[in-house]
Amino acid sequence: MFRGKTNASRRRLLQYLGATSVLTGLGIPAVQAARGPELAHVFGDSQASPSASLRALGEAYLREHPAERSKHALLSAIKGHPAFAACRKETTQETDYRTMIQEDFAVENTVALHGWVLSRTEARLAALAIV
Amino acid sequence: MFIDARATDQKKIESDICIVGAGAAGITLALALSGKNLRIILLESGGFEPEPDTQALYTGANTGVPYYPLESTRLRYFGGTTGHWGGACWPLQAHEFERRDWVPHSGWPITREDLNPYYVKAQETCEVGPFNYDAEHWSEASDQPELPLGDSRLLTSIYQSSAPPTRFGSRYREDIDQAGDIRALLHANVTQIHRDPLSQTVQHVTTRTLEGKTLTVNSRLFVIATGGMENPRLLLLNDIGNQHDQVGRYFMEHIGIPKATLLLAKDVNTLFYKRTSINGTDIRAGLSLRPEVIKKEQILNTWIGFQLKATPQSRLAHSVDTLKSSIMNGDIPDDFVHHLKTVLRSMRQIYRDRDPAESDDDELGGTGELVEIPVGQQSEQSPNPLSRVTLGDQLDALGQRKIVFDWRLTELDYYSIRRTQEITAAEIGKSDLGRMKIPNPKEPEVWQHPQRISELAQPQGAFHHMGTTRMSTDPQHGVVDSDCKVHGTKNLYMAGSSVFPTCGYQNPTLTIVAMAHRLAEHLAAQFPEQEPT
Ligand SMILES: Cc1cc2nc3c(=O)[nH]c(=O)nc-3n(C[C@H](O)[C@H](O)[C@H](O)COP(=O)(O)OP(=O)(O)OC[C@H]3O[C@@H](n4cnc5c(N)ncnc54)[C@H](O)[C@@H]3O)c2cc1C
Numbered sequence: 001m002f003r004g005k006t007n008a009s010r011r012r013l014l015q016y017l018g019a020t021s022v023l024t025g026l027g028i029p030a031v032q033a034a035r036g037p038e039l040a041h042v043f044g045d046s047q048a049s050p051s052a053s054l055r056a057l058g059e060a061y062l063r064e065h066p067a068e069r070s071k072h073a074l075l076s077a078i079k080g081h082p083a084f085a086a087c088r089k090e091t092t093q094e095t096d097y098r099t100m101i102q103e104d105f106a107v108e109n110t111v112a113l114h115g116w117v118l119s120r121t122e123a124r125l126a127a128l129a130i131v
Numbered sequence: 001m002f003i004d005a006r007a008t009d010q011k012k013i014e015s016d017i018c019i020v021g022a023g024a025a026g027i028t029l030a031l032a033l034s035g036k037n038l039r040i041i042l043l044e045s046g047g048f049e050p051e052p053d054t055q056a057l058y059t060g061a062n063t064g065v066p067y068y069p070l071e072s073t074r075l076r077y078f079g080g081t082t083g084h085w086g087g088a089c090w091p092l093q094a095h096e097f098e099r100r101d102w103v104p105h106s107g108w109p110i111t112r113e114d115l116n117p118y119y120v121k122a123q124e125t126c127e128v129g130p131f132n133y134d135a136e137h138w139s140e141a142s143d144q145p146e147l148p149l150g151d152s153r154l155l156t157s158i159y160q161s162s163a164p165p166t167r168f169g170s171r172y173r174e175d176i177d178q179a180g181d182i183r184a185l186l187h188a189n190v191t192q193i194h195r196d197p198l199s200q201t202v203q204h205v206t207t208r209t210l211e212g213k214t215l216t217v218n219s220r221l222f223v224i225a226t227g228g229m230e231n232p233r234l235l236l237l238n239d240i241g242n243q244h245d246q247v248g249r250y251f252m253e254h255i256g257i258p259k260a261t262l263l264l265a266k267d268v269n270t271l272f273y274k275r276t277s278i279n280g281t282d283i284r285a286g287l288s289l290r291p292e293v294i295k296k297e298q299i300l301n302t303w304i305g306f307q308l309k310a311t312p313q314s315r316l317a318h319s320v321d322t323l324k325s326s327i328m329n330g331d332i333p334d335d336f337v338h339h340l341k342t343v344l345r346s347m348r349q350i351y352r353d354r355d356p357a358e359s360d361d362d363e364l365g366g367t368g369e370l371v372e373i374p375v376g377q378q379s380e381q382s383p384n385p386l387s388r389v390t391l392g393d394q395l396d397a398l399g400q401r402k403i404v405f406d407w408r409l410t411e412l413d414y415y416s417i418r419r420t421q422e423i424t425a426a427e428i429g430k431s432d433l434g435r436m437k438i439p440n441p442k443e444p445e446v447w448q449h450p451q452r453i454s455e456l457a458q459p460q461g462a463f464h465h466m467g468t469t470r471m472s473t474d475p476q477h478g479v480v481d482s483d484c485k486v487h488g489t490k491n492l493y494m495a496g497s498s499v500f501p502t503c504g505y506q507n508p509t510l511t512i513v514a515m516a517h518r519l520a521e522h523l524a525a526q527f528p529e530q531e532p533t
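In order, the protein sequences belong to chains S and U. Residue numbers for the first sequence follow this note's numbering, so the first one is 1 and each next one is one higher. Residue numbers for the second sequence follow this note's numbering, so the first one is 1 and each next one is one higher.
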């Protein structure tokens with residue numbers, strides 16, 4: 001899904017981040033919690049839109065990992081994930097990031113952004129939304 | 001029988017076993033020894049109600065990690081601190097008795113198996129359910145699932161609650177009064193313990209009322225059961241058991257840093273993790289690390305609890321249960337009106353919940369598809385000789401030196417909490433239940449500086465005072481032996497959590513009471529000539 005560099009793929013990423021429930025993992029806590037008091041207080045805006053929360057997480061990730069501050073760097077890091085190939089769906093060529101995210105958690109390949117413990121893959125995906 | 005030391009003209013009392021302090025430990029001990037044809041004396045500083053002047057005897061200074069005023073963390077009247085305990089009961093786990101290479105000074109001279117029969121008795125004394133702390137059992141009994149954590153480093157751990165909390169003073173007052181072999185002296189502050197250095201025997205103790213009346217109690221055996229801070233104070237005041245400078249050291253508390261947050265999908269069933277009443281037993285579930293993970297990570301034990309709001313159903317069940325059992329027992333609980341109101345309010349809420357238009361959708365504190373849950377944790381502190389109770393220069397109203405309390409935490413304490421939070425966050429993420437927010441990492445060094453700790457991490461104690469007269473077979477490394485007898489004495493024993501060499505994360509009272517039952521058996525065996533009455 002993220003091989004293309006079009007705006008469409010970026011939109012799909014954002015849709016994915018925003019539309020699924022927490023059980024599909026990626027970025028959802030941040031997205032949803034922006035509507036609740038907890039992250040609102042972190043981001044200082046209780047009306048923050050999901051993309052604002054995502055941007056804040058993405059920005060926090062990039063601040064800590066400046067070398068990844070480009071689409072190219074982030075995409076190659078994501079593709080370099082050991083589970084990436086296995087997560088590609090043959091029919092649609094899309095990627096099911098859930099497995100990558102779960103594997104990240106299993107080996108504690110995590111980052112703490114604004115205190116939230118996220119899988120590195122989901123943090124990179126959030127960062128992709130802003131580069 | 002009760003005697004008010006202020007009113008008696010007696011100057012001297014003879015007994016077989018003299019117990020100092022009528023809290024959870026002292027009362028359990030006295031009643032467990034009753035009926036064995038022994039003369040038991042129970043000496044208590046306070047009366048039946050709290051009295052400001054007596055309570056003020058508990059004041060002292062804090063010089064370590066910021067802590068509560070000492071007089072607010074314990075109660076000095078008949079029943080002791082159970083006058084305001086929360087009733088949470090759980091036994092220490094088997095692995096917590098073992099020596100752990102990565103925890104300096106760890107290891108009990110006794111095992112969990114040694115304590116098992118006494119835990120069974122303690123369950124009864126503390127008025128909790130059966131001696132069963134198997135989460136799976138209670139989950140099945142409640143028909144509420146454990147969190148689907150899969151193959152996880154976490155497991156569900158439960159505690160039982162004495163509900164309403166057994167107030168040892170009021171609950172056992174009549175039993176003490178009726179026992180023909182127990183004489184309980186109120187307003188009798190023990191100030192001096194007279195030990196003959198040659199025979200290493202305590203011969204008598206002196207009590208003093210606030211009005212200055214004194215009394216001597218002679219006895220064959222003595223037990224000090226005055227709580228985790230006062231136990232070392234009495235030994236230090238009388239220079240007993242301190243030949244290796246161990247008394248008052250290794251003070252431990254349960255540490256809480258209430259800052260984590262969990263974000264769970266609203267459809268994750270967390271009902272089992274609320275405080276709930278199951279067949280009359282009050283249960284609360286939380287999470288902890290598997291023993292093998294603790295070992296692999298070389299950390300201390302921690303319990304993670306979700307601060308979930310009670311549903312109307314669980315509140316109702318709890319209150320109905322409480323009211324039912326008190327009606328059957330024929331007594332009115334302290335919080336009768338509260339329970340009655342809960343029943344009425346919950347019924348109204350449950351009824352309203354049937355009408356979606358009126359239902360209280362935010363019952364779980366949630367927003368949208370996610371629920372945001374504050375996460376509390378209660379962590380074990382490692383035994384640290386520098387964390388201690390000593391005597392200061394200030395005197396109390398009886399002319400006794402007051403406590404100086406220096407609570408100190410170590411890097412291992414901090415690291416263990418931090419690491420447990422990280423593992424929990426990773427496991428929650430892995431199992432796709434949600435995400436966790438944990439406080440920002442802080443350099444471990446800040447834990448060496450009390451002022452900065454309070455500023456940055458704000459550790460809180462749980463009012464559990466442990467370790468200050470620790471158990472060790474080696475007098476160089478502890479104050480009491482495995483029978484709780486003070487090293488270097490022939491007839492002086494300690495009861496209470498001051499004898500714990502390590503403290504797990506579990507609230508201490510169930511173990512205090514279990515150990516008191518065990519001690520009673522040991523003491524009774526010192527009088528083989530005595531036939532039970
Ligand atoms: C707010 C709060 C909540 C708590 N909640 C829980 C909980 O949920 N679960 C749990 O396990 N524990 C809890 N605890 C701790 C629990 O109360 C104690 O572990 C327990 O009471 C200790 O029993 P004890 O007999 O050793 O000491 P105490 O109960 O403190 O009794 C000591 C007795 O000794 C008497 N005494 C002291 N000095 C002298 C003297 N010189 N001469 C004569 N008598 C003296 C005192 O008056 C007192 O009666 C809580 C404590 C607090 C403060």
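Hints may contain errors.
Quick list of simulated restraints, FRET-style, between CB atoms [stated by the list, open to error]:
1) S:A67 x U:L155: 37 to 47 Å
2) S:F84 x U:D143: 48 to 58 Å
3) U:W102 x S:V131: 38 to 48 Å
4) S:P66 x U:N62: 12 to 22 Å
Which chain U residues stay away from chain S? Per the calculated CB distances, all over 10 Å, these [said to hold, decoys possible]:
5) A56
6) H84
7) Q144
8) F463
If you're looking for bench data, these hints aren't it; they were derived computationally from the structure. Beta carbons are placed, not taken as given, at the ideal position from N, Cα and C, and that holds for glycine.
*Check on F463 of chain U being off the interface with chain S, judged by Cβ distance over 10 Å*: holds, 28 Å
*10 Å cut-off, C-beta based - H84 of chain U kept clear of every residue in chain S*: About 32 Å separates H84 of chain U from the closest Cβ of chain S, which puts it past 10 Å; holds.
*Between F84 of chain S and D143 of chain U, does the C-beta distance stay in 48 to 58 Å?*
violated, 42 Å
*Holds or violated: is the Cβ of A56 of chain U farther than 10 Å from all Cβ atoms of chain S?*
holds, 41 Å
*Between P66 of chain S and N62 of chain U, does the C-beta distance stay in 12 to 22 Å?*
violated, 45 Å
*For the range 37 to 47 Å, tell me whether the beta carbons of A67 of chain S and L155 of chain U fit it or not.*
holds, 39 Å
_If I claimed the Cβ atoms of W102 of chain U and V131 of chain S lie 38 to 48 Å apart, would that claim hold in this structure?_
Taking Cβ atoms as reference, W102 of chain U and V131 of chain S lie about 43 Å apart, which means the hint holds.
*asked:* Minimum C-beta separation from Q144 of chain U to chain S exceeding 10 Å: can you confirm that?
replied: holds, 20 Å
Figure legend: structure checked against the earlier numbered hints; hints not met, in rising order: 2, 4.
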